[in-house]
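Trainee: Now for the letters of each chain:
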Amino acid sequence: MTYIAKPKLHHPGLKPNKLGFTHRDYEGSISTLCAGCGHDSISAALIQAAYELDIEPYRVAKMSGIGCSSKTPDYFLGNAHGFNAVHGRMPSVLTGANLANRDLIYLGVSGDGDSASIGLGQFAHCVRRGVNMVYICENNGVYGLTKGQFSATADKGSKSKAGGTNSDNPIDLVSLALVLGATFVARSFSGDKKQLVPLLKAAIAHQGSAVIDVISPCVQFNNHAGSTKSFDFVREHNEAVNRIDFMVDRAPITADYAPGTVQVVQQHDGTYLKLSKLHAEYDPTDRARAMAYLQERHNAGEVVTGLLYVEEQANDLHANLNTVAAPLNRLGERTLCPGSAKLAALNDAYR
Amino acid sequence: MTYIAKPKLHHPGLKPNKLGFTHRDYEGSISTLCAGCGHDSISAALIQAAYELDIEPYRVAKMSGIGCSSKTPDYFLGNAHGFNAVHGRMPSVLTGANLANRDLIYLGVSGDGDSASIGLGQFAHCVRRGVNMVYICENNGVYGLTKGQFSATADKGSKSKAGGTNSDNPIDLVSLALVLGATFVARSFSGDKKQLVPLLKAAIAHQGSAVIDVISPCVQFNNHAGSTKSFDFVREHNEAVNRIDFMVDRAPITADYAPGTVQVVQQHDGTYLKLSKLHAEYDPTDRARAMAYLQERHNAGEVVTGLLYVEEQANDLHANLNTVAAPLNRLGERTLCPGSAKLAALNDAYR
Amino acid sequence: MQPIAATNDFVVKFANVNGSGSASANELFARSILRMGVPVCSRNIFPSNIQGLPTWYEVRVSGEGWLGRRGGVDLMVAMNPQTWDKDLAEIESGGYLLYDSTKPLTSQKLRADVNLLGVPLTQLSNTLEGTIPRERQLLKNIIYLGAVVQLLSMHLETVQDLITKQFKGKDKLIKLNFAAMKLGYDYAAKTLAGKCRLKVEKADLVGDRIFIQGNDAAGLGAVYGGATVCAWYPITPSTSLAEAFTAHCKTFRVDPVTKKNNFAIVQAEDEIAAIGIVIGANWNGARAFTATSGPGISLMQEFFGLAYFAEVPAVVFDIQRGGPSTGMPTRTQQSDILLAAYASHGDTKHVLLLPRDPHEAFEFAAEAFDLAERLQTPVFVMLDLDIGMNDWLCEPLSWDDSRKYDRGKVMSAEELEAGTFFGRYTDVDGDAIPYRTLPATHPSKGAYFTRGSSRNAMAKYSEEGADYVYNMQRLLRKFETAKGLVPAPLRRDAKEKTRYGAIFYGSTSPALDEALSHLEAQGVHLNTLRLRAFPFGEEVVDFVNAHDQVFVIEQNRDAQMQKLMVNECAIDPARFISILHYDGTPITARFIAAAIGERMNVSKPKAKEAAE
Amino acid sequence: MQPIAATNDFVVKFANVNGSGSASANELFARSILRMGVPVCSRNIFPSNIQGLPTWYEVRVSGEGWLGRRGGVDLMVAMNPQTWDKDLAEIESGGYLLYDSTKPLTSQKLRADVNLLGVPLTQLSNTLEGTIPRERQLLKNIIYLGAVVQLLSMHLETVQDLITKQFKGKDKLIKLNFAAMKLGYDYAAKTLAGKCRLKVEKADLVGDRIFIQGNDAAGLGAVYGGATVCAWYPITPSTSLAEAFTAHCKTFRVDPVTKKNNFAIVQAEDEIAAIGIVIGANWNGARAFTATSGPGISLMQEFFGLAYFAEVPAVVFDIQRGGPSTGMPTRTQQSDILLAAYASHGDTKHVLLLPRDPHEAFEFAAEAFDLAERLQTPVFVMLDLDIGMNDWLCEPLSWDDSRKYDRGKVMSAEELEAGTFFGRYTDVDGDAIPYRTLPATHPSKGAYFTRGSSRNAMAKYSEEGADYVYNMQRLLRKFETAKGLVPAPLRRDAKEKTRYGAIFYGSTSPALDEALSHLEAQGVHLNTLRLRAFPFGEEVVDFVNAHDQVFVIEQNRDAQMQKLMVNECAIDPARFISILHYDGTPITARFIAAAIGERMNVSKPKAKEAAE
Ligand SMILES: Cc1ncc(C[n+]2csc(CCOP(=O)(O)OP(=O)(O)O)c2C)c(N)n1
Ligand SMILES: Cc1ncc(C[n+]2csc(CCOP(=O)(O)OP(=O)(O)O)c2C)c(N)n1
Ligand code: SF4
Ligand code: SF4
Ligand SMILES: [Mg+2]
Ligand SMILES: [Mg+2]
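Chain order of the listed sequences is B, A, C and Z. Number 180 in our numbering belongs to position 97 of the first sequence; there are no gaps in the numbering. Number 355 in our numbering belongs to position 272 of the second sequence; there are no gaps in the numbering. Number 716 in our numbering belongs to position 567 of the third sequence; there are no gaps in the numbering. Number 284 in our numbering belongs to position 135 of the fourth sequence; there are no gaps in the numbering.
It should be emphasised that the hints constitute simulated quantities derived from the structure, not laboratory data. Just so you know, not all the hints are guaranteed correct.
As the list claims (entries may be wrong) - Partner residues aside, some chain A positions facing chain C, computed with beta carbon under 10 Å:
hint : residue
1    : Ser200
2    : Phe304
3    : His307
4    : Tyr340
5    : Arg413
Claimed, not checked - Result set (DSSO-like, lysine-lysine): computed pairs, CA atoms no more than 27 Å apart in a straight line:
hint : chain 1 : residue 1 : chain 2 : residue 2
6    : Z       : Lys319    : Z       : Lys252
7    : A       : Lys244    : C       : Lys321
8    : C       : Lys321    : B       : Lys425
9    : B       : Lys244    : B       : Lys230
As the list claims (entries may be wrong) - Computed spacing ranges between beta-carbons, pair by pair:
hint : chain 1 : residue 1 : chain 2 : residue 2 : range
10   : C       : Ser547    : Z       : Glu747    : 50 to 60 Å
11   : Z       : Arg556    : C       : Glu629    : 25 to 35 Å
12   : Z       : Lys553    : C       : Leu625    : 22 to 32 Å
13   : B       : His362    : A       : Ala432    : 33 to 43 Å
The C-beta atom is built at its ideal place from N, Cα and C for all residues, glycine as well.
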């Protein structure tokens, strides 16, 4: 039995979406994060994206690790199950959940410590397997919940609030995702909802490993001068390569745009993304050049954002494993248990 | 007290190096690997490189994880200490050893399972910290010691001996090392000693994280048709971008070479590498383009080998930590213990 | 010195070099004897290496049906020069040594009380036409097999039948093997006639029993138990369990129409990811498991604590090997008991199942999934290398088609829709087992947040001491409930009344059965209790109270199971006497009988094997 | 209802919101009382969160010098509306509640037996000129401090001195704080005169004791102990230990001339890497350590087994918190005892040190490095959040300059050159501790291969059962040697002869001391044994044998230390009675006295706190 969720009664003011849900139906419990924390803006963007995509709120599984960022799944989509796993291990738990039921939308929410420090190995392997998910790293360059130590994404030379300087090379999750074969790779900024929401929508529509690195300043421990993850720094150095204008089910007519200003990408699920190019030469379907470009711009001190790479015909782990269409968690005893007769025959083979 | 190792008496036939050691002084116990295993050729190349560099055999620390490849440190430099740690964790053990005594040469020997599967996180973080070492991955695309399952470096579509096909994206340790800021990155082939020995020598001379991915076929489980790690496949698809002709202490005169055919690189320790370019356009000092190039050639089915990237002025972890010149394991009590007087003063601060 | 004369009661050991292809020939030998209706047990002793190191295959022929290792060797087939001395030393006085006599014995050690059986294997193999060296190398194994078959007066046909079956279709190979067999057989008949007094005599003592490895049976049990997700990382001796599951899934779980898989198997990047996948899948309602060994159990610790505290089902097969650390990867031990029972930091307790052989491995494997879902907690199936990777003669596998999976307390959409109360960590039924919901069950009811941090009965985050204590005490009560659900220990009383008891578990069982009969023969009577699971029910306490002294026989150094009994049943340790065998080889009847006999002052030579 | 009247013997609790800057004001309060010569103990109860959740600071003023939590509150400073009800409920009958009376109390619960002390904090703070809202928010804390200082008749000057010291140089800040203080002080003097009968009276009861956190002391101990390498991964409550080590190194370990560091600190990517670095550094002859908590101990399991089996020194500080899993990250517990003692798969045993307070934390920290190198094995210093993250009043730290580090059995180049026998795993001295060499000691002698797999006494790889058993039995004997080296348990006998004993350890100590005196007052006498390390020496067995019943007081659910004693000393569990407190708050004297009293049938109300 499947349901179409029944929207609750709402203040007339709230505008319902196609399924009749209002924004409020996508909210969760009240955030316990610091006032002004970038992570809360990302939660808001997720709520917005889910609302605009007319997703049934409960058909989402919210997975996370440990950290301030990993607490956020409690603060959106209150009607969806959530799993706050152990530190750095969300990717494996998400993979398992996804294997058990391929029909849900999997949102993996993590932090830079959770993903790039302790969780780097799991992040990498989850991505290279093409698990169908949206992996969101709420990247503030520090361990917020443990009070502001550098994480592995902190830039070399970046200053800590305590005054220390980071001397290790930073781990750029976006470059990593590209090297590992992620089929949807983007970077955004918690302070730029106009860019973030469409990216999240496109990522959710993407049927494969979608990785979004969202710079999300920690107002408590990493929003000072000398930090490369502060609101000011990111605003000043943000270089968007493109902007997703809309996502539709039919190929949009692009004739009326100046050549080289628009790019249309069709995703596996059939939807089309219309991208306005902000950097004429940037092509988000060329993995090799994307990697080189990111490296160059990073050296130039820029924070490159936008849809950095998308593979039009992505495959996910279930395709590779050739699993049945029905969710494995719904298969009944009759499908699963070969029964006594087969066993009797099998015994002979062992005699 | 420091020694100059006393060479043993040898058959007149064996030619001694500058320190008076013969090839035999760099050997270890007899290999227990399969006849024809690529790993044994790498051990031989290491012995050759150490002999040619006139290294004091005992001033090396041989670190490894678990696997056939990780067994090999037992088979070379018998007068050096070795540490066969646990699976995938050699990088951290090597880092600790290096912190304790910066004066030794650290050889990290690992396998593709050890480095790219279970050990990916440690590999990545060890490299990004710039630990001064030579990290050698003896890459055969399978778990040899556990009888031939695919490892994380197995190419997508590659066939297993049992007939299975790998469906995950491969992890390319070379691209990864580049993304992570390794300051010396190379790839070679166990079957090409002429290329491998000079690379190992240059890597040992390099004062930072040197990563060498050596394709090393597993004759037992991954040397069949359909494997992209077989001797035949690598021989056919090997594309060397350059060749290290020699390493000297003074800048070599390159005037007499056709322009664009030779490149000279000076390393931190002062040594110069003379590279013959095999691909005129390839520049091993440009990280961004190296990444793009590798990606493109890999898509074209090539196995790119040679010195892929080198940073002329590399820094190592000790430089970043500003540690004293003397090895920490030699510091005496007088340097380490502040003593009772200081403690008495300190007590006051807690009253 | 009298040559040993024995019929259907002796031990043959093959000493080979690994990678030389001896395995199939040796197994052929064992199976042939079974075909002759005589019980055998076989054990493969192999190195942690792929080629060139020593490997042994030990076959015990026992008309009486003893399936444990006996200890000692009556006929040694010494094909490995490296281990000649060691192999020679192991032979019983009056025993036999078969060797390659192509070159005369010169430097080799010899023993006056050991009878030499020389067969010029190399020379004979060279007479095989149209073969290349590598083939001849392999066929040498078949040649010595032929000789052994003759020396033990076995049926040549039986062996030939098996060869024909094995190489079905490959006629050239069959002919070649037959030829090789015959070379050895004829040579022995001609030149060694009457030299060997060991004999296999046709009998009918095997019945419908099967010859199977524990990992194979357990993998099959997981298929029957309804596992759909398997995540694993290769490690000896557990690898073959995941591989068996894969093979059986390909046979039984591929949709005949769509050719799609009703299962998902992921070779994870390591053990931490493997257990993470298993927990994620179970959380989402699929039966999922992993198989590993000691090092994996160590790495999975943090996740075990999460599953225990957040109450997520999980099934873990621990094929125990010699620890600590990398230890002895290809040797057997029962030394992960305490780490599994108390896995992870903080106060935890976990369910362990203790199968005695492949038959029980199959049953407990299937059972484990019911228990994990019923109790919403990890369940460990504690196998070891001996059961897992050796072929055991055991009862055929059986399945009751009327049996239904117990999916535990999972709330349906209908129940939620009907407004049935749902509080994730509330003890509604008084058995301390709460109800759970699966993701996306109902649009607006039943969603909750799973976490490893403290929470109240309604699964809301809480740092209140009282909320924390409520859950911790409920978890204790849940463990009490588990006592009534896990397989109970089995008691067997001696013929005569006795004040002495023995407790044992797992792969120790066959050796113990035999040791008991030896002891009985010497007038030593013991009642026994075979543990089959942790937590322990009242039976354990009752058994101990019913005896003055209880021997606890284990294959580890620190008497881990005994400690667990003392801890959990508040038993006075003074009641126990530990009998510990932990050198990595399977425990033997001789060792047990000697160790117990000694302590009961029965004069009997102490067994060679290492122990405390 | 009589208002509570007490001098130098009461409990004040501040209920705040975290991130509101109350910490420094509250600590100022505690230190001021110490300055007045009156002992205090303080405990910080904070959430696993950065801003906006409840946090408490509890200060016990005790002229008698009791340093454990007492339980109950006499004066509650209720600054957090979220927790008003809970806070109100905690107040003793006749106790006091100080609150912000700017707005009249309307909806709030009240209690007839609790005396209200209203201070219009917000209103008063608004009168502070030239301040921005955020500053006024912070200064509110100083205002209530001023009021409390007046109500408890404390010396205003003492507090002012501390403020001056704290803000040295920042005159504007000092003036502002003085002004705020005065606002609260004067308001209380004017409107609440005589309302509060709690009093702090100058005394001379503190002596030369210091007020310090265990993690700070342990970090300093590591510096004195000669640690040069620290690898760690942030986790509450251990983070401040690594941070303290860093700070002290910057003070004491930077070369005055070259400005280079005589230390190396790496914030690793996770706990597995941290312990790997520690093992690598120790293997190479540097004293190295890590600091972590439960989850880290779980993740490090595999490496602990390697260090145990390969015999590599390592020092691990486990600052225990509420488990299992993520559990209660900001609460205290003693629940990693079993996991640490038997860490890793296979048969293992590890050395544990059990400091009672920051003073011992300093001593044992330094001691741990000697033990680790002497025994060539991991040594765990088992702290907990209560000791680690709270300021404790304890004896000043001291160091004997004549003391020399014990670097253990390390062979020198000279010895090797002289041809002294070296066999890495050979028991030369009969104490089962082998000799080791450091890498690059000698050009041609003493090199060996370190591995976690089985080997013989000469460190050569071996799969021989006998070689394996030799090392495993030697490891057991080495653990026997350890018994003579670790800090012995301390016995203290009651005034009167008694058949009852009590065993305890770590942070339970101060509460237990107090409980004993309560019980004594009721005629209940107990001899006590304070454990300071594992393995246990004979003292434990002797102590238990000397009593009919022994209470074991622990801060965990499963009586982990009691299990360890039963296991390792073969003691009949019936001799023990466990007193368990595990709701995450530090155990109190009231709880212990009540729990023991109850079992000894002394009529006494059972304490509120959760326990078994
Ligand atoms: C195994 C383990 N180690 C350490 C911790 C402590 N810890 C909690 S959150 C965290 C880091 C969080 O950083 P990040 O992922 O960047 O999240 P943020 O708080 O910055 O959003 C750490 C180290 C833990 N919970 N578990
Ligand atoms: C924690 C742990 N998991 C699994 C194993 C089993 N194991 C031993 S070697 C190995 C893989 C080795 O592969 P690789 O590193 O590629 O080395 P190779 O043998 O191919 O040279 C595995 C999985 C182990 N020893 N430890
Ligand atoms: S500490 Fe930083 S990351 Fe955590 S909630 Fe506060 S602002 Fe956000
Ligand atoms: S199995 Fe493969 S990797 Fe291992 S030794 Fe043999 S050939 Fe080499
Ligand atoms: Mg962060
Ligand atoms: Mg490999």
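Trainee: Are there hints from earlier that the structure breaks, and if so, what are their numbers?
Mentor: Of the numbered hints, 3, 4, 5, 6, 8, 11, 12 and 13 do not hold.
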